[in-house]
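Protein chains in written order, with this note's numbering: chain B, 46 to 240; chain W, 232 to 315.
Don't read these hints as lab results, they were simulated from the structure.
Every residue gets a Cβ at the ideal spot worked out from N, C-alpha and C, and that includes glycine.
A couple of the hints might just be wrong.
[What the hints assert, rightly or not] Taking beta-carbon pairs under 7 angstroms as the criterion, some of the chain B residues facing chain W (in silico):
| hint | residue |
| --- | --- |
| 1 | S85 |
| 2 | P89 |
| 3 | K93 |
| 4 | I149 |
| 5 | P151 |
| 6 | S152 |
| 7 | V155 |
These are the residues of each chain, in order.
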Amino acid sequence: MSIVTSCKLNASSLIINNQLIHTISGDTIDWKRELYNFYSKDYPKFHKMDPLAKMAFLGILGIEKTTDLSVYDDNEVSMIFANKTSSYKSDSNHFENYTKKNLISPSDFVYTLPNILTGELAIYLKWYGENCFYILEKFDLDFYIEQIEIAFSKGKKACLCGWVESSDKSEDLIIFIIENQNNKINKEEIYSYFK
Amino acid sequence: MSELKETLKAQIIEQLNLENLTVADIKDDQPLFGDELGLDSIDALEFIVLLEQNYGLKISNPSEGKDIFHSVNTLAAFIEKNKN
Numbered sequence: 046m047s048i049v050t051s052c053k054l055n056a057s058s059l060i061i062n063n064q065l066i067h068t069i070s071g072d073t074i075d076w077k078r079e080l081y082n083f084y085s086k087d088y089p090k091f092h093k094m095d096p097l098a099k100m101a102f103l104g105i106l107g108i109e110k111t112t113d114l115s116v117y118d119d120n121e122v123s124m125i126f127a128n129k130t131s132s133y134k135s136d137s138n139h140f141e142n143y144t145k146k147n148l149i150s151p152s153d154f155v156y157t158l159p160n161i162l163t164g165e166l167a168i169y170l171k172w173y174g175e176n177c178f179y180i181l182e183k184f185d186l187d188f189y190i191e192q193i194e195i196a197f198s199k200g201k202k203a204c205l206c207g208w209v210e211s212s213d214k215s216e217d218l219i220i221f222i223i224e225n226q227n228n229k230i231n232k233e234e235i236y237s238y239f240k
Numbered sequence: 232m233s234e235l236k237e238t239l240k241a242q243i244i245e246q247l248n249l250e251n252l253t254v255a256d257i258k259d260d261q262p263l264f265g266d267e268l269g270l271d272s273i274d275a276l277e278f279i280v281l282l283e284q285n286y287g288l289k290i291s292n293p294s295e296g297k298d299i300f301h302s303v304n305t306l307a308a309f310i311e312k313n314k315n
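Only chain W is shown next, with the shape it has when bound in the complex:
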């Protein structure tokens, strides 16, 4: 699980062009949306693409996105739960 979280952080930085951040800057339980990382609604769409392209996962119910994308912890848990 911890390896998955580190991989996720690297993918988030690359996919979202967070050039000012390193993997070490993103905490597992840190809210991804809000003031700290400065992510916006376009980034939420990037998360959907990231999950689909890297893990083959689709979010069937858009209202679940807010909980799934809350932090690296919640993203990793979603991937673990839904991977084949």
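Pulled out of the complex, with its shape left as it was, chain B reads as follows:
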């Protein structure tokens, strides 16, 4: 299996390797805070992150439930992330605070780029290799496969791929680790995994 681990999460559930691990009660104001508490993790920086970075971080904690990510050297993994609405939610929040409330917040401003989340993961995982964030119309496995093939052709040992969306309509994350097996990708296996 070239996909080592996957994690899906949203406001109602945490799913790891296609198995329901936790149902979110919704008792807290923010479901992401509830999930953070579920992991019993002490990482104060979490509280400063914007919704996109929080979800990506929670996804990594899900991956770590079953996979030891320390086996990868920092330059052996490519991070390939994407979503549809970029950092629009954080952009809007910053714009509203700045223009209507005259509130200036450097920490709000710093999250007005979606790829900040890959930086947050890089800091947490101590992976300082290649990472990228794309804006796509929808979750597109073929796009990821294309990017993974490029990364593997450059000798990367694995790719950490993610789709992370935070809009007023929904918040969803899909994140998975796929390992390089002789530069070959079994597309059918990937398609069936995400059916």
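Starting from the known structure of chain B, arrange chain W on it as the hints suggest.
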């Protein structure tokens, strides 16, 4: 002065989203930057905003920031010295 320090601690927690801390967790002479509180360069900018929005104070010389933001004690002393 002690009232100012307690107020400052509450403002720091709110402005910097230090949800894991309470006012009692921050000591007056504790270094604000370093390993203990985990503050970073963005937080330093938040301090500048905090001083300006809550106390109307601007830091004219950025190189002074390191000393001013060293601890709650130094922050309070700066405010006391420069308030109208």
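Report task. Tell me if P89/B is really an interface residue toward chain W, meaning its C-beta lies closer than 7 angstroms to one of theirs. Result -> holds (5 angstroms)
Report task. May I ask you to test the interface hint for P151/B with respect to chain W, counting a Cβ-Cβ separation under 7 angstroms as satisfied? Result -> Result: holds, 4 angstroms to nearest chain W Cβ.
**Report entry** Agreement of hint I149/B with chain W interface, Cβ distance less than 7 angstroms
**Finding:** holds (5 angstroms)
Query - Closest C-beta approach of V155/B to chain W relative to 7 angstroms, hint status - result: holds (6 angstroms)
Query raised in the report: Is the hint on S152/B kept, meaning its closest Cβ partner in chain W is under 7 angstroms away?
Result: holds (5 angstroms)
Requested in this report: Using 7 angstroms as the Cβ threshold, decide whether S85/B counts as touching chain W.
Outcome: violated (13 angstroms)
Report task. Mind checking the CB of K93/B against every CB in chain W and telling me if the closest is under 7 angstroms? Result -> holds (5 angstroms)
Of the numbered hints listed earlier, the single one contradicted by the structure is hint 1.
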